[in-house]
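Chemist: Chain order of the listed sequences is A and B. Just so you know, we're using the numbering used here here: the first sequence kicks off at 1 and counts up by one. Just so you know, we're using the numbering used here here: the second sequence kicks off at 1001 and counts up by one.
Simulated from the structure, these hints should not be mistaken for laboratory data. These numbers were taken from a predicted model, which means no experiment stands behind them. Just to be clear, a hint being listed does not mean it is correct.
Here are the in silico distance ranges between beta carbons for each label pair [as the list claims (entries may be wrong)]:
1) D1308(B) - S100(A): 25 to 31 Å
2) N40(A) - D1308(B): 35 to 41 Å
3) D1068(B) - M135(A): 26 to 32 Å
4) A1229(B) - M135(A): 43 to 49 Å
C-beta: ideal position from N, C-alpha, C; glycine also.
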Amino acid sequence: MKRLLIPTALLMLAGCNQTSAPEALAVVSVSDATCRPTLNGRDVTGCFVTLTASRNDRLLSVAAPLAGMAQIHEMKIEDDIMKMAELRDGLALPAGDAVSLKPGGNHIMLMGLKQPLVAGEQVSITLNFEQAQPMGVRALVVQPPVAGAEHVAH
Amino acid sequence: MTDIPLAKPPRRANVRPISGAYRAVWRWHFYAGILVLPFLCLMALTGGLYLFKDGIDAAVYRPISHVDARGLIVSPDRWVAAAQAGTGGTVSSVRLPARADEAVRLTVNLPDGGKRTAFVDPHDGQLIGVTPFGGVMETVKKLHSLSLVGQWANYLVEIVAGWTIILVATGVFLWWPRKREGGVLTIKVTEVSRRPFWRDLHAVTGLYAGAIIAFLVLTGMPWSAFWGAQFGDIVRESGIGRPQAPPAASPWAHAHHKDAPVGVGWTMEGAVMPSHHTPVEKGRLSTVVETADAQGLLRPYAVSIPSDPALAFTVARENRRVEDARSLYIDGVTGRVKADIRYKQFGAGAKAFEWGVFVHQGTQYGRLNQFLMLGGCIAIWLLSISGMVMWWKRRPPSLAKSRMGAPDAPPGPRVRAAVLCIVLPLAILYPLTGLSLIAALLIERTVLILRRKPNSIA
């Protein structure tokens, strides 16, 4: 019996081993989620994050309870003028590529904020992907270091 | 052999022409058999399966290990990032396959201490699947080393190994022709219902396979928990094992368990090299792979990624013959080769023991080697089954009086010397076997004293 039982058990193990459903494997890891504090009297701010997908994916939309509207924006240069525009088709996340949304580049735009954002606070943002499950992120409100900022402070 | 009485010999000595020494050895053979039979059967089965590791693995994991071969290969850093993003763990090693239609396998350490193997398509960096570490063949391997039930069980392997050698040695003694024309070389009795058939089957199988079984036991020892570790240290420290560090390289450091490189071979295990780089910049897999390929290292090879950025990456070729062994130690930041260790630099101890490892695994001499080792595994089953049948056929008429059907203890203490000549050297070579031997003798003494049969001490 032992001879029969062990291979059977092994096959069963092998069956359990496989995570065959690709959806379960489509995961996006999120790091360095930050938002800028709001400027006086403004209800708009930018948020930044680094996303790495385990399978080719796409950031389709974002949402934040604190903001009336949240969009993914790209920065592009047209006729020597830098323009900001919504990425209506979302942002491509090639597998294993760390895609950074960073100041001066692509970013998340929060509009119609219900309250001003102060450095040290946290903002909840939901990221919706084409493949991976939606993910909730808590972005820290920080003033991104700007070149020469320390000189301004003097 | 044919004059062994089928029935139990009478209690009084020197009535039957069966020698005291013979009876004593038979008794040892019987008890050693009972002790190791279940373990040996398990190890023979799992070992037999493991001989066909590549084929079984390919069949089981084809859905996640097969990819479409394309010209483009994305950066190895993206393989790592995809596996880490998908599993939430940290990649500790990467196996690069020889074929373009095979997935890259990454070992991932999870934050909870678990381990997984992630399959990534090298052409587009997509994570295809995740299995428990090493997959189904790792389970087979852990059954083979008994470590599936716990690391402590690995010590049992050593005890079983020692007792198996006792079995082979006593078996040869029992087979040895005494006052007869010759030993049993073929099965002469073909009636399956009769005990002589099983005895001949046992004797003939043991005769032809005994050497293979003893070889498997001896070459399996480097893996064992106590003896293997002790011997490994001796080989390493005496300088007949791992090569001396090249003059340009920094001194070898002993690896923390987490940073122990994979696939560098038994005698190199635990050796890591500092990369001698200020750990400001993290080493990159892509840099290391580029260097390894430029150095002409043949795939498949495994890259161990150090968690400590001060250490060099280790790249070891996955070889099937000991002569093909080669490992590179590469600085992950600069891509500089810190050391290039090949077979010819191995000491005599490392050469001999790693040769044993590859023959044990059935890869050193190709198919012939593989099937010879498989023959050893099948022989163990034949010996176990025929041994059990023999015991069943010669068992006492009633097992009610808690008699096991063991051969009678020989009269007088003089024959003990003959048996101990076989057993004692083994007990010294394998201390754990010796300990189990003492335990077995103590238990037997106790049982005998309790039963008040002082005349049957072996």
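Chemist: Now tell me, hint by hint, if it's right for this structure.
Modeler: Results for each hint:
no.: 1; hint: D1308(B) - S100(A): 25 to 31 Å; verdict: holds, 26 Å
no.: 2; hint: N40(A) - D1308(B): 35 to 41 Å; verdict: violated, 47 Å
no.: 3; hint: D1068(B) - M135(A): 26 to 32 Å; verdict: holds, 30 Å
no.: 4; hint: A1229(B) - M135(A): 43 to 49 Å; verdict: holds, 45 Å
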